[in-house]
Amino acid sequence: MQITIYSTTTCPYCKMLKDYLTQKGKTFSEKLVDMDEAAQKEMETVSGGFLGVPFSVVVKDDGSKESIIGFDKGKFNQTLGISE
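In the numbering used here, the protein residues as written are 252 to 335.
It is worth saying that the hints were derived from the structure and are not from the lab. This one's a predicted model, so the numbers in the text were calculated from it and none came from an experiment. From the three backbone atoms N, C-alpha and C, an ideal C-beta is built for every residue, glycine too. Keep in mind that the hints are not guaranteed to be accurate.
In the DSSO-like style, the derived pairs of lysine-lysine whose C-alpha atoms are separated by at most 30 Å in a straight line are [said to hold, decoys possible]:
hint, residue 1, residue 2
1, K269, K311
2, K326, K292
3, K282, K324
4, K311, K326
5, K266, K324
6, K311, K324
7, K282, K316
8, K266, K292
9, K311, K266
Computed beta-carbon distance windows for the label pairs [said to hold, decoys possible]:
hint, residue 1, residue 2, range
10, T296, E335, 31 to 41 Å
11, L283, V310, 16 to 26 Å
12, D313, F279, 31 to 41 Å
Construct the complete structure from the given sequences, taking the supplied hints into account.
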């Protein structure tokens, strides 16, 4: 499973999401859209034009993709198989 988080350096919800995933033992890659124009354009493409952060893409082992807008803990738990 591969998790990509599009975030900014000042977003408090991005930090909460990264802290939560780290606490749950999940690895992820981060793309800072406020520091990297290529990452911003990539996010626009994969999100269908959505510009809010955090925006995450989870690629599951079967190749299916799940997009998650914001720090939606329930959606992350469901998608990643995390139990509280």
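Now the hints, each set against the structure:
no., hint, verdict
1, K269 / K311, "18 Å, holds"
2, K326 / K292, "25 Å, holds"
3, K282 / K324, "20 Å, holds"
4, K311 / K326, "14 Å, holds"
5, K266 / K324, "13 Å, holds"
6, K311 / K324, "17 Å, holds"
7, K282 / K316, "17 Å, holds"
8, K266 / K292, "21 Å, holds"
9, K311 / K266, "23 Å, holds"
10, T296 / E335: 31 to 41 Å, "33 Å, holds"
11, L283 / V310: 16 to 26 Å, "20 Å, holds"
12, D313 / F279: 31 to 41 Å, "19 Å, violated"
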